[in-house]
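Trainee: What follows is the residue order along each chain.
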Amino acid sequence: MNWEAFWLTVHLAGIVSTLLLAIGIPLAYWLTYSRWRWKFLVEAAVALPIVLPPTVLGFYVLLALGSRSPIGRWWESLTGHTLAFTFEGLVIGSLLYSLPFAVQPFAASFGAVDSSLLRASASLGHSPLQTFRRIVLPLSKAGLVTGFALSFAHTLGEFGVVLMVGGNIPGVTRTISIDIYDQVQTANYSSANQTAVVLLVISFVVLSIVYGLSRRPWAVGPWR
Amino acid sequence: MEVTTAATPQTSPQTISSELEVRIRKRFPNPEGSFNLNVHFRALAGFTILFGASGAGKTTLLDCIAGLTDPDDGRIAVGGEDLYDSEKKRNVAAWKRRIGYVQQDLALFPHLTAGENVAYGLRTFSAAERTARSREIFESFRIAHLRDRRPAQISGGERQRVALARALVTEPRALLLDEPLAALDRPTKSSLVSDLRRWNQLHRVPILFVTHNSEEVFALGDEVIVLDGGIIVAQGRPHEVMRVPRLETVANLSGFENIFNATVLALHEDRGTMTCQLGGGKVELETPLVRADVGSRLRVGVRAGDLLLATESPRGLSARNVLPGTIQRLEQRDVIVAAVVDCGGTEFEVHLTLAARDALQLGPGKSVWVVVKTHSCHLMGM
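Line by line, the protein sequences give chains S and W.
Residue numbers 1 to 224, in this note's numbering, belong to the letters of the first sequence in order.
Residue numbers 1 to 382, in this note's numbering, belong to the letters of the second sequence in order.
Quick caveat, the hints were computed from the structure, so don't treat them as lab data.
As the structure is a prediction and not an experimental result, all values here were calculated from the model.
Hints are not guaranteed to be accurate.
[To be verified] Derived pair list, reagent style DSS-like, types lysine-lysine, alpha-carbon separation capped at 30 Å:
(1) Lys39(S) / Lys96(W)
(2) Lys282(W) / Lys366(W)
(3) Lys282(W) / Lys39(S)
(4) Lys141(S) / Lys96(W)
(5) Lys373(W) / Lys282(W)
(6) Lys39(S) / Lys141(S)
Using the sequences plus the hints, can you model the full thing?
Mentor: Structure, rendered in structure tokens:
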């Protein structure tokens, strides 16, 4: 069991799913309430990582982060090194890769809040943003937990994007799924199995939390 | 010597007399296609009833006033301030309008307690003021014991009280109530009505009260506006609009089971009556005199409960209309028996008690006489 790779992966997944809360909530808010006619294009773009092969996504992220792209050059002028094959680059790739797994549960739970509650809130003198904070967010707890857990679990298990963007640098970009691949390549099956079981158990626990919650769509339950 | 007096918070309500003026047009969808809401009215402080069948545009109208949907054009003003004016391109956001709105489904926030629900609209007040105001309203609506409970944990009638209290505590400039008494039993209803009345005596604001229950119209209304298909078809004091309807929609809504096309045959100005022929049949009715010419066509509405049935030709009656006929069928509806009687080609619906049916041994095919009082005939334009 490669603990270095394990903790690196948990660290990566924690950062990514937390950042996705911050990015995903405003994006999901916009997707839920905007009446822009071309909104469906944005929805499709957000959902792309679900269907795209991770290598394709990783390839374009790599190009975008490389020193020949404007983003890459800007980052290089700021920090002195490129984003490709670094932990930061891995975070950016994973953000894109797990975006739909956060945004879709968020948007679904925002949309499920009864619109007459929003109308009541407006007639009681609350602006749309105040209504969002005091009514929509608290009633969407289950969706927020689901989105957080799914994006965490999804990032834990990513392989293709990591390989393309991060490479395989121990302690920097070598995550558990890459480690398992390495073990298998060197016919070290028992070590691969140990790591695989850990990943399997964590993923199962996370999904159990998700499905346990969605039995009660208005989770105002035990922890209110 | 200087005397300083501590400023006491003024909790007594301000007495602003405001007026709601609405003149709007709006296309709105309804189950039978789409209608044009096109209304113009003023509502003074006190209760104004909005009466009409479902789909008449009542809720759309309230939504426009509350700012939850935009009219196509027109003007909405309360207490002289424009909330919406298509000419001046003015449209105040719903959350800045200070109009209380209790929706049909109440829309209590499920994750907040009754106390938090009521305090929700007091966002701009200090914590002390919030507490004082919500305590006051909780006591006057007799719901203090519900303060810490969630909406799911209280009864329907209590929820209705909490929803009303939540809207009233903000001291709105106008109040919109969308069937707030629907689905309440009679005692709960009347105690809620008296609480509302008491509140209204202290806070003189216009209250638009939507209902399609004619009983509530008489219990509450200072003024009633009848909406049908998006337009105002009648407006006035309840007894004027409801008891002597001039329009068939009102008649249907206010419970005339019998509505006939009629032609004026003769005017008896000395007696204050006239004779009308019903439909194409041979039946003639003596009705109250209205301003009409011989030969003009109008409609006559008669409540089924105002008719009498006799099994022998009655004599010595004050009623002017005694029509021979045959019972077509009897139908029991709860504790009422509806008898359909054919009088020379014109069918009357007559409501009887179960006891009357049994005592008179009524059944299909039996010969009877229908008795119609002159003043039970309500005349309507066509």
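Trainee: With reference to the structure, classify each hint as holding or not holding.
Mentor: Hints versus structure:
Straight-line distance between C-alpha atoms of Lys39(S) and Lys96(W) comes to about 28 Å, which keeps the hinted pair within the 30 Å bound. Proposed proximity of Lys282(W) and Lys366(W) is supported: the alpha carbons are some 20 Å apart, at most 30 Å. For the proposed pair Lys282(W) and Lys39(S), the alpha carbon gap of about 68 Å is over 30 Å, so the pair is violated. The suggested pairing of Lys141(S) with Lys96(W) holds, with an alpha-carbon distance near 28 Å, which does not exceed 30 Å.
Straight-line distance between C-alpha atoms of Lys373(W) and Lys282(W) comes to about 18 Å, which keeps the hinted pair within the 30 Å bound. For the proposed pair Lys39(S) and Lys141(S), the alpha carbon gap of about 25 Å is at most 30 Å, so the pair holds.
Going down the numbered hints, you'll see the structure goes against just number 3.
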